[in-house]
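Those protein sequence lines, which keep their order, are chains D and H. Heads up: the first sequence at position 94 corresponds to 94 in this note's numbering, and the numbers run straight through without jumps. Heads up: the second sequence at position 88 corresponds to 88 in this note's numbering, and the numbers run straight through without jumps.
Don't take every hint at face value.
The calculated lysine to aspartate or glutamate pairs, modelled on EDC-like cross-linking and capped at a C-alpha distance of 16 Å, are [unchecked claim]:
hint	chain 1	residue 1	chain 2	residue 2
1	D	K386	D	E256
2	D	K371	D	E256
3	D	K284	D	D267
4	H	K80	D	E21
5	D	K311	H	E126
6	H	K116	D	D372
7	D	K310	H	D112
8	D	K67	H	E82
9	D	K55	H	E92
Because the hints were derived from the structure by calculation, they are not lab data. From a predicted model like this one, the values you see are computed outputs, not experimental measurements.
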Amino acid sequence: MKYLIIGNSASGIGAAEAIREVDEKSEIVMITDEMKTIYSRPLLSYLFDGTILKKDLYYRPDEFYEKKKVDIIYNKKVNKIFPEDSFVLVESGEKIFYNKLLIAAGAIPKIPNIPGIDKEGVFSFRNLNDLERILSKIKTAEKAFVLGGGNIGLQAACGLKSYGIDTTVVVSSSYLLSQLADETAGEIYKDLFEKNGISIKTNSNVTEISGDKRVEKVKFKDGTTEDCQILIIGKGVNPNIEFLKSTNIKCRQGIEVDEYMRTNINDIYAAGDITETVDIVTGKKTINAVWPCAYEQGRIAGFNMTGLMKKYQGSIRMNAAEFFGLPFISIGIVKIKEEDYEIISNLDKEKNIYKKLVTKNNIIIGLLFVKDIDKAGLYHNLIKKKIDISPVKSILLKDNFNTGVLISLIKKDKDLLTEDVLSDII
Amino acid sequence: MSMKKIYLNLHKCLGCKSCEIACGVEHSSSKELFSAINEFPLPIKRVSVFSTVSHCIPVRCLHCEDALCLFACKSGAISKDESTGRIIIDSEKCIGCWTCIMVCPIGTIYIDETGKTAVKCDLCAEKEIPVCVLSCPTSALFYK
Ligand SMILES: Cc1cc2nc3c(=O)[nH]c(=O)nc-3n(C[C@H](O)[C@H](O)[C@H](O)COP(=O)(O)OP(=O)(O)OC[C@H]3O[C@@H](n4cnc5c(N)ncnc54)[C@H](O)[C@@H]3O)c2cc1C
Ligand code: SF4
Ligand code: SF4
């Protein structure tokens with residue numbers, strides 16, 4: 001048996017680790033078009049703002065490949081897959097054969113169609129290469145703009161600011177973090193960023209980028225222009241499916257898989273940011289492009305590539321982050337679109353504490369917590385299990401809601417008499 | 001793999017919280033109750049006793065077979081010790097992103113007093129038997 005994994009990030013590593021739990025002997029080959037390191041993308045933001053050093057970027061220790069007996073091929077791009085003959089064609093012309101293939105090729109940044117977008121000084125922020133290019137230009141910059149007020153955009157802004165650069169975040173919506181948060185939380189973070197010296201420009205957009213070779217000015221929707229030496233694009237990602245176009249692997253937005261992470265083609269699996277999975281909350285197929293989902297999907301795919309039949313329970317949109325010492329967690333649906341949703345929330349503006357749960361028919365379908373985040377996992381458990389919360393609704397956001405209440409809610413009282421109460425509610 | 005776990009005899013737990021105190025002291029630098037309470041950062045206990053409808057239950061990390069915190073940790077700070085099965089957080093590597101807190105289904109990961117890293121039960125890395133088990137006056141907890 002020979003396993004081939006395209007990609008060595010969250011989902012690829014998840015798969016390799018799972019395969020080795022079951023199959024100690026067979027050959028595993030991983031291939032990546034990136035350079036020589038096994039790093040975690042989310043850590044790039046911490047490197048950018050100086051929280052960690054480059055040597056701390058690693059996700060698994062150096063000896064990972066050796067210990068797991070994985071052959072790693074760095075710096076080579078897979079150009080094409082030939083499912084009929086079970087091989088992939090690498091840029092340099094060589095063929096790599098496989099018995100089971102995992103496509104864990106992730107996502108690439110969305111680049112908006114703005115005149116001048118290809119000028120020097122305009123960057124995306126997806127990999128180490130991007131960050132190194134940004135850092136190489138940082139000494140010659142005084143004014144920077146970040147396009148997009150999501151997690152990545154805000155992290156990039158913090159990075160720029162840490163170098164003393166005058167930084168403005170430009171967002172098309174009326175508040176920050178509009179994909180993960182509601183207006184209340186978005187406002188809290190807007191105030192926080194402004195207090196920390198980062199400007200926020202809402203309801204705006206960059207419509208033109210000008211300059212000789214390198215960006216010198218950006219023009220906004222309202223017609224005004226400003227000087228700019230660095231522009232970072234943080235407008236989300238697209239699944240990296242371009243190189244699959246010549247195959248019959250079924251894609252909609254991302255690669256379609258069944259509950260065993262199999263594509264429509266025999267022996268080919270997919271996982272991570274490139275993959276559409278069923279969202280536990282909405283029941284619809286979607287791409288939940290976050291680290292925990294990518295790892296778990298890779299893990300399930302890995303097990304199933306060895307012949308096990310493990311079902312993936314589905315993905316869920318989830319983000320945890322912290323800016324300027326203020327953490328937040330956001331899970332599932334946090335903004336209401338229809339009327340039969342109910343909201344349970346409380347806000348302490350002075351202390352920046354905000355808690356909100358969205359429920360539908362007494363099932364929690366979304367969570368948004370700012371600052372006071374330590375119990376988020378309990379509600380996450382209730383969301384995933386679709387537990388009826390009506391017996392505890394009145395205390396759901398109170399201090400006395402705790403793991404004891406959770407146990408009582410999930411287990412019937414008489415079940416409590418067994419010894420392994422806790423492992424049963426996981 | 002010889003994986004030892006902490007088990008609970010539910011009928012015996014009185015909710016006295018001796019385990020909580022012992023855990024806090026064990027995770028202090030002095031390992032003495034009276035100096036531990038004046039330390040900075042204040043030591044954090046990694047077990048909490050909760051009451052359910054009918055019982056008291058001390059809750060700490062279960063060192064899950066399929067540990068969601070391990071799968072979710074985006075820095076690689078969480079690992080599984082292959083010989084003992086313990087799920088360990090490397091506090092040097094942890095960047096305080098709280099992804100693990102978001103996914104632990106029983107809420108047993110805590111933020112340390114500095115607000116910078118996640119901490120949880122390490123089964124008393126330096127001890128043969130975890131101190132919660134040793135401190136329990138009714139032997140509700142046992143380790144095997
Ligand atoms: C700056 C930043 C911060 C982030 N912060 C968070 C966060 O806080 N929380 C969170 O949940 N998520 C975060 N994410 C998102 C998270 O990193 C992704 O969800 C995760 O990396 C997805 O993993 P993946 O394995 O699916 O793909 P990717 O990480 O995209 O990796 C794809 C892999 O495939 C390889 N590859 C692609 N195409 C080819 C090819 N043709 N040939 C060979 N190799 C190829 C690449 O080299 C790479 O190894 C962040 C991302 C970035 C960039
Ligand atoms: S912290 Fe939670 S998820 Fe992680 S091993 Fe312990 S109980 Fe399991
Ligand atoms: S808080 Fe630390 S241990 Fe938890 S997920 Fe983040 S880096 Fe990992």
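Cross-check of the supplied hints:
1. D:K386 / D:E256: 25 Å, violated
2. D:K371 / D:E256: 37 Å, violated
3. D:K284 / D:D267: 25 Å, violated
4. H:K80 / D:E21: With a Cα-Cα distance of about 12 Å, the restraint between H:K80 and D:E21 holds, given a limit of 16 Å.
5. D:K311 / H:E126: Roughly 38 Å between the alpha carbons, so the hint for D:K311 and H:E126 is violated.
6. H:K116 / D:D372: Holds, because 15 Å separates the two Cα atoms, which is no more than 16 Å.
7. D:K310 / H:D112: Violated, at about 36 Å.
8. D:K67 / H:E82: 12 Å, holds
9. D:K55 / H:E92: 13 Å, holds
In the structure shown, a violation is registered for the earlier hints numbered 1, 2, 3, 5, 7, in ascending order.
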